[in-house]
Amino acid sequence: MGDRIELDFPARPDYLALVRTVVTMIAAAGSKLPDTRIDDLRLAVTEACANAIDAERRLTTGHHGSVVLRCWVEPEQVVIEVHDGAGGFDPDHLVPHPPPQRPDRLQFERGLGIPLMRELSDGVEFRAEGGGTTVRLLLTSDPRR
Amino acid sequence: MGDRIELDFPARPDYLALVRTVVTMIAAAGSKLPDTRIDDLRLAVTEACANAIDAERRLTTGHHGSVVLRCWVEPEQVVIEVHDGAGGFDPDHLVPHPPPQRPDRLQFERGLGIPLMRELSDGVEFRAEGGGTTVRLLLTSDPRR
Amino acid sequence: MASSERDGWAVLALSGEIDIATAPRVRERLYALLAEGRERLVVDLDDVGFLDSTGLGVLVGVLKRVRTQGGELRLVCTQPRIVKVFEITRLDSAFAIFDSIDGAVRDGSPS
Amino acid sequence: MASSERDGWAVLALSGEIDIATAPRVRERLYALLAEGRERLVVDLDDVGFLDSTGLGVLVGVLKRVRTQGGELRLVCTQPRIVKVFEITRLDSAFAIFDSIDGAVRDGSPS
Ligand SMILES: Nc1ncnc2c1ncn2[C@@H]1O[C@H](COP(=O)(O)OP(=O)(O)O)[C@@H](O)[C@H]1O
Ligand SMILES: Nc1ncnc2c1ncn2[C@@H]1O[C@H](COP(=O)(O)OP(=O)(O)O)[C@@H](O)[C@H]1O
Chain R
1 MGDRIELDFP ARPDYLALVR TVVTMIAAAG SKLPDTRIDD LRLAVTEACA
51 NAIDAERRLT TGHHGSVVLR CWVEPEQVVI EVHDGAGGFD PDHLVPHPPP
101 QRPDRLQFER GLGIPLMREL SDGVEFRAEG GGTTVRLLLT SDPRR
Chain P
146 MGDRIELDFP ARPDYLALVR TVVTMIAAAG SKLPDTRIDD LRLAVTEACA
196 NAIDAERRLT TGHHGSVVLR CWVEPEQVVI EVHDGAGGFD PDHLVPHPPP
246 QRPDRLQFER GLGIPLMREL SDGVEFRAEG GGTTVRLLLT SDPRR
Chain V
291 MASSERDGWA VLALSGEIDI ATAPRVRERL YALLAEGRER LVVDLDDVGF
341 LDSTGLGVLV GVLKRVRTQG GELRLVCTQP RIVKVFEITR LDSAFAIFDS
391 IDGAVRDGSP S
Chain C
402 MASSERDGWA VLALSGEIDI ATAPRVRERL YALLAEGRER LVVDLDDVGF
452 LDSTGLGVLV GVLKRVRTQG GELRLVCTQP RIVKVFEITR LDSAFAIFDS
502 IDGAVRDGSP S
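Chains as they are written, first to last, in the numbering used here: chain R, 1 to 145; chain P, 146 to 290; chain V, 291 to 401; chain C, 402 to 512.
Bound-form chain R, shown alone (with noise of 0.2 angstroms):
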């Protein structure tokens, strides 16, 4: 069945190193995942978190959020979920940036994470959760690719 672990964190940046050593503590105890996997998943996570702590600190109600992240650890596999509470957004409706070769790329700073996400995981997926959204990432220690 495996391990689950949850850790709820102030929406800042600075907590985003530790949500980094977390997963992977738990990622190399608990998971066969090699460790070049294990960059990807920290990377995914780190993506994830990061769009809900932006969400969270645009809010303008003063309010200091937080976000959970719950993880299921086991031997083949490990699922990360990302919960912020920040009214969610239509992940179905993001402009993709022109190909790399088009010099208005360059134009483009932002709007990298999702797709990153997307290329680093063997599932992603985005729902409406409590007034905010929750990410779900799988990660298998065979990746598809």
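To be clear, the hints were calculated from the coordinates, so they are not data collected in a lab. Each hint should be verified, as a subset may be incorrect.
If you anchor each label on the Cβ, the simulated ranges turn out as follows [as the list claims (entries may be wrong)]: (1) R:A128 - P:G147: 27 to 35 angstroms; (2) C:A433 - R:M1: 46 to 54 angstroms; (3) R:E129 - C:Y432: 50 to 58 angstroms; (4) C:G471 - P:G147: 15 to 23 angstroms.
Below, simulated PhoX-like cross-link-like pairs (lysine-lysine); rule was C-alpha separation at most 25 angstroms, straight line [unchecked claim]: (5) R:K32 - V:K354; (6) C:K485 - C:K465; (7) V:K354 - V:K374; (8) P:K177 - C:K465.
The model shown is predicted, which means the values in this text are computed figures rather than measured ones. The beta-carbon is built from N, C-alpha and C at its ideal position, and this holds for glycine as well.
Chain R is already provided as a structure; the job is to place chains P, V and C with the ligands on it using the hints.
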């Protein structure tokens, strides 16, 4: 007001290393506790979590419990609560150890955890909560001792 | 972030983990070099342990500004875990990436 | 856990973090040395980064058995954070604690 961080983890000894890493990182980043005081915090929290894990594992229900670590980090102090759902106990009726000079002291290989927590912390409280125990540890940057 | 001078290039060596917490300082530092009129920049990523999309975005922004000023930006990057981030975003084709500072400051096109 | 032989003493060097996850292996190893008939033991704690009450309990248990067999247990421990654990439990007065393996294997009482 300070930061609040919560970690839920399976009641297994191999999670103690993760707990120590989390507690060390958040105390180093968010409080002014000196390194030696963070050492004390790490040991006190390990003792509290080890007791919670022991108690969860003594349950014969075959249910694999979890332990909850709740942290409040402020510049001048760190408060950590360790919660288990393992039935509880009476912390006021523990048998004290004989002094180290007496030869029968060596009969006691256990029972050092709670005395250590009391020595290391600026305050320890036990309370019954949710069918189990919550231990609350307070460590300040400027200890009373 | 240690910066130095090599054959007319301003070399900035980054280290540690670059994410939304630390990228702003990297951006500031690079923009300060541009503001000083430095037009030929080498950014050494070989001591970087982690690079996220915000870090990539900073480099894209610097590349754009450098080009506008008629200057040049070169990266030094050999660590597989960092190279991979450029590859999967296809930004390896937007940047001039070199194996060493020596290689980067030598004239000519990327090897 | 590396064990060696020094002037008739069996020296066991512990390392890493000793807690309820790792103490059982330390206990096994020390009891195995006793079972082999080793009666003079030195346990070197200088590479131990963390020691909790379970680790102390293991050492107390070994001390008891060593004394029953008429043998001797000596500890090497100079790191302040580990020394402190013995001090606040007052077990520094139950154990013979030395500054070095050399000091521990020399005849006579603890310095
Ligand atoms: N958890 C979230 N809550 C609200 N909006 C989000 C969330 N995640 C992503 N978004 C939106 O999707 C956009 C694209 O995200 P991403 O691809 O990660 O790039 P970036 O974060 O650099 O803009 C964000 O700019 C934001 O508007
Ligand atoms: N969270 C807890 N739930 C139930 N019993 C506990 C808990 N914490 C401590 N105890 C009881 O108190 C005793 C003394 O604890 P402690 O001083 O830490 O020593 P040790 O754990 O070595 O026995 C334990 O043996 C256990 O019976």
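Hints versus structure:
1. Here the CB-CB span from A128 of chain R to G147 of chain P is close to 31 angstroms, well matched to the stated 27 to 35 angstroms.
2. Between A433 of chain C and M1 of chain R, the C-beta spacing of about 35 angstroms breaks the proposed range 46 to 54 angstroms.
3. The given range of 50 to 58 angstroms is respected by E129 of chain R and Y432 of chain C, whose C-beta atoms sit roughly 52 angstroms from each other.
4. Look at G471 of chain C against G147 of chain P: about 56 angstroms separates their beta carbons, and that is not inside 15 to 23 angstroms.
5. As the CA atoms of K32 of chain R and K354 of chain V are separated by approximately 41 angstroms, the hinted pair breaks the 25 angstroms bound.
6. The straight-line distance between the Cα atoms of K485 of chain C and K465 of chain C is roughly 22 angstroms, inside the 25 angstroms bound, and the hint therefore holds.
7. Taken as a hint, the K354 of chain V and K374 of chain V pair is honoured in the structure, with Cα atoms around 22 angstroms apart against an allowance of 25 angstroms.
8. Between the alpha carbons of K177 of chain P and K465 of chain C the distance comes to roughly 41 angstroms, so the proposed pair goes past 25 angstroms and is violated.
The structure is inconsistent with the numbered hints 2, 4, 5, 8, although it conforms to all the rest.
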